[in-house]
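Engineer: Single-letter residue listing:
6 protein chains.
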Amino acid sequence: MPIIEAHVLEGYDNDAKTRLGKALTDAVQLVVPAAPDAITVILHEMPRTHYMRGGTHRSGAPALPDPCAAVRDYLAAMEARDLDSARAMLGAGFVMNFPGASGLTTLEELIAWSKPRYRFVKKTYDGFEALQGEGCAVVYARGTLYGEWPDGAPFDSIRFIDRFEVTAGKITRQDVWNDIAEVKASGHPNA
Amino acid sequence: MPIIEAHVLEGYDNDAKTRLGKALTDAVQLVVPAAPDAITVILHEMPRTHYMRGGTHRSGAPALPDPCAAVRDYLAAMEARDLDSARAMLGAGFVMNFPGASGLTTLEELIAWSKPRYRFVKKTYDGFEALQGEGCAVVYARGTLYGEWPDGAPFDSIRFIDRFEVTAGKITRQDVWNDIAEVKASGHPNA
Amino acid sequence: MPIIEAHVLEGYDNDAKTRLGKALTDAVQLVVPAAPDAITVILHEMPRTHYMRGGTHRSGAPALPDPCAAVRDYLAAMEARDLDSARAMLGAGFVMNFPGASGLTTLEELIAWSKPRYRFVKKTYDGFEALQGEGCAVVYARGTLYGEWPDGAPFDSIRFIDRFEVTAGKITRQDVWNDIAEVKASGHPNA
Amino acid sequence: MPIIEAHVLEGYDNDAKTRLGKALTDAVQLVVPAAPDAITVILHEMPRTHYMRGGTHRSGAPALPDPCAAVRDYLAAMEARDLDSARAMLGAGFVMNFPGASGLTTLEELIAWSKPRYRFVKKTYDGFEALQGEGCAVVYARGTLYGEWPDGAPFDSIRFIDRFEVTAGKITRQDVWNDIAEVKASGHPNA
Amino acid sequence: MPIIEAHVLEGYDNDAKTRLGKALTDAVQLVVPAAPDAITVILHEMPRTHYMRGGTHRSGAPALPDPCAAVRDYLAAMEARDLDSARAMLGAGFVMNFPGASGLTTLEELIAWSKPRYRFVKKTYDGFEALQGEGCAVVYARGTLYGEWPDGAPFDSIRFIDRFEVTAGKITRQDVWNDIAEVKASGHPNA
Amino acid sequence: MPIIEAHVLEGYDNDAKTRLGKALTDAVQLVVPAAPDAITVILHEMPRTHYMRGGTHRSGAPALPDPCAAVRDYLAAMEARDLDSARAMLGAGFVMNFPGASGLTTLEELIAWSKPRYRFVKKTYDGFEALQGEGCAVVYARGTLYGEWPDGAPFDSIRFIDRFEVTAGKITRQDVWNDIAEVKASGHPNA
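Protein chains in written order, with this note's numbering: chain A, 4 to 194; chain B, 4 to 194; chain C, 4 to 194; chain D, 4 to 194; chain E, 4 to 194; chain F, 4 to 194.
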């Protein structure tokens, strides 16, 4: 039953409007046990000339990029070892924490660290989830890893989850958890 | 600048209204790069007699419980090994996936599985994060573990993250990742 | 999908609010092919101190009575030959038109006119329908008549329809059509 | 004083908007004794991209045709004995009830039935009135009949009223009452 | 035709609401040539729990006092030479400018300055007018003066206008113009 | 915190919208002690087809001119002794009251009256202030005068204030107060 009206300044494209409408719908569902179809969202768009704060017309800022898309693009660039593209997506103060390695700040460090661990690793995604954190968007990506151990033996189906912070559209933090050590310890051949 | 008006049926307590207002504010911030203070949320409460769909008055359902609070309570009950309380918080189809153990469906299985792994484990939380998933709330709890290995040696500062699904106020799924195996493999004494 | 918000002054009881909400829902359905459940009506009630026209607070007038109920009561009083009650429901300029008798202005004229036609007549209703006309509510009541011919023979299932005008809560016009003459002409025994 | 705001999806032409605004005004007048000039209706039009239910954009359906116009066109086609046009305006389950003839389902039956009753009949209208019924629009047309009896003698000023049900723009039911039998019985010459 | 909706936090008394509604009506009339009766103002009151900025509930401040009433009270206190009351109505930085005397900052200076000018002076008001200035309310009081010249001869009907600045409810500036010098110069007896 | 929504008919240009938004903001500040930045104004523009009173679409009237601009233009025309332009700005019933001269109704009278008083006079403005009066806009212009006495000696810094009534865009009344007589009386050389 809830009806949400959002008054926003003109200038958002349809994708941003859809993301906003979806995010507002989700927000309602966190609190109100309404069937999704009973949740209505209406956007009201104001041209700059129809909006004033303190007697002054204001302009809106462009929409933030979809943080899930930003993370997806970043992870794809990293898998393809396209470090230039990946690096362009990073924001000031970027830091990474991996199992057994915390406080990495450059992609080169990450690559050096991973070298003895596997020949390559790729991700199969079960899902991406975004939420608003303190001053940043938080994105969770989870699924399974497949790739090759240093000796060339293949592995797959290893659970992972990544947590990203995306600040003003740039990735500023990555935390990674996975079962690689667990799998190795359990005596899987070649691990 | 966005102004969000939410029309809801009467019957939500102040805590639910605050959670709704906060969730709507967060939703806006995922898309619109406005300073928090520039995001206004107004609730309009409708008595049952002021709301109709299809020419019929409707009543609202009670608010869903705060999913973060539900998870927090569940984790506290588990740490205290208060299985009755913990069990009462579980919903139909509850399933758990831990490093090296997937598809557990009872708390007893979990306890049996953990016995050879550590004497006890407790959690220090860095944060709880909730978002709306498909038909359920998703809660992430992350932080570090401390406790004792089977031989009584202490451990601490081991990173973990838990993902919960909370359906209609009940916990229906828990996925856990942590660095326990990593820490053991790295030759920490006593591990 | 349409959402109708009605801002009204305080002072309407729940029955009036329900009638207003229903009437607004019906109004939408005359034009918009939405499923009834997709039509939402919200009332916003304003205390007198929250409403101004021309810089002056205004008070609302009491709701009009339900015109269908007014007609129903009038017809019941007439069937019971409770002329005092019926007369109290009539407004200035009241006029009646019956098959073969137009321009009657008093209930006594009506009774005199009906005397040679039947001993008594009662109504079984198929439905009441109301709409807003020019300066008055219009109510249609339709169904079938049963009763006794002057010779005491019974009749029933004779179709009728009455049209009423209800001005400021009072009945100001009644037009009646029925198949009595048709039934008589078709040689029904005793007619 | 009531102010009605209607939020509708884009796509209605000016005629439909005027009909909706008028219907909402009428709805208010059925309950609230406000002077017409004190009843304000505002339409808010939403582009598809500004409206969501359940997180999904929805499109509006085209407006229903004016049911009074539909009935008027049908009656004109029937008077002109343009059966093809009239038939095209009928919906599934169409049924007609006339004085002395109920349950007719084809226009041919109607014509056969009327043949012995009059050479021709035409209508002078006093008014058309529409309201929303259960799942259909209801239209009342009333006025007087003129025409020729089977022997060619003219008649006029015979009261009639027709009730139509219009479902999804198609006529699905017609009920007719008139004073033809009354006039004949009252010994009018030639009747 | 304009309809103004004002959403304010709970806590204003009826007088403040009336003043707000009147001020909004006046604001419209400065720009839109609508008949006053065609200007509608609706207040929507929000309890604190229904309003958030930046995800935080906010409380409203108490209404400012009516600046015209504040000025009226001050002028009455001054006429009655009730300096204590008058002084209590003054704000920080209070300054007065009179014909031939600018920059007075205490009521005592004013009284000393006026002593050689008249025995006493009182005001008959033609009107009070208030508007919002930069950071303060501005009030104009105008009318005529009557009183006695130093020699005891009476005078009256001398035009005056006072301009006040009222900051946060306190009088912070008074500018006075009048025709006293003009009247004296024009050779009025005793002036 | 107050949020003001103004529903107006289409047809106002950006300048009129800005003036309306500013006037509404000022109106709020007269009553509510909110920081200017906490006062939001939103205009909602309705095309004629989206607005009805009494079931009838209505058109809006063109915006009134800015009364301050009207007064400014008039004063400039008078200073330039462009009487034709000034006269074109006057409305029916125009009247002027000056120190020592009340009830002037033509610009020629004013000029004749001022001739013995000064050779010429020009204005330096400290501010223009407008408010809505009873059926007219009221504009205050204040500042200082400079010019030459009849003997050619210069003067300056003489305080003045003018009050104008602007009815339907035309100046209908001017009241003037100043310190010319005070300055002369105080024995300024040449005065």
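Don't take every hint at face value.
As the list makes no split between identical chains, a pair holds if one copy fits it or if it spans any two.
[Stated by the list, open to error] Calculated pairs, DSSO-like style, for lysine-lysine (alpha carbon to alpha carbon, straight line, at most 27 Å):
hint, residue 1, residue 2
1, Lys-173, Lys-187
2, Lys-187, Lys-25
3, Lys-25, Lys-125
4, Lys-118, Lys-25
5, Lys-125, Lys-173
6, Lys-126, Lys-173
7, Lys-187, Lys-118
8, Lys-173, Lys-25
Since the hints were made in silico from the structure, they are not lab data.
Engineer: Go through the copies and call it for Lys-173 and Lys-25: within, between, both or neither, with a Cα cutoff of 27 Å.
Structural biologist: Intra 22 Å, inter 24 Å, cutoff 27 Å: intra and inter.
Engineer: Go through the copies and call it for Lys-187 and Lys-25: within, between, both or neither, with a Cα cutoff of 27 Å.
Structural biologist: Result: close neither inside a copy nor across copies, 41 Å intra and 43 Å inter.
Engineer: Under a CA distance limit of 27 Å, which applies to Lys-118 and Lys-25: within one copy, between copies, both, or neither?
Structural biologist: neither (40 Å within a copy, 43 Å between copies)
Engineer: Checking Lys-173 and Lys-187: alpha-carbon separation at most 27 Å within a copy, between copies, both or neither?
Structural biologist: Classified as neither; 34 Å inside a copy, 35 Å across copies.
Engineer: One pair to classify: Lys-25 and Lys-125, alpha carbons no more than 27 Å apart. Within, between, both, or neither?
Structural biologist: This pair counts as neither: shortest intra-copy Cα distance 30 Å, inter-copy 37 Å.
Engineer: First find the shortest C-alpha distance between Lys-126 and Lys-173 inside one copy, then the shortest across copies, and answer within, between, both or neither for a cut-off of 27 Å.
Structural biologist: within (21 Å within a copy, 31 Å between copies)
Engineer: Should Lys-187 paired with Lys-118 be assigned to within, between, both, or neither, using CA atoms and 27 Å as the limit?
Structural biologist: This pair counts as both: shortest intra-copy Cα distance 16 Å, inter-copy 20 Å.
Engineer: If the cutoff is 27 Å on CA atoms, where do Lys-125 and Lys-173 land: within, between, both or neither? Let me know, please.
Structural biologist: within (22 Å within a copy, 34 Å between copies)
Violated hints, in rising order: 1, 2, 3 and 4; the structure is consistent with all others.
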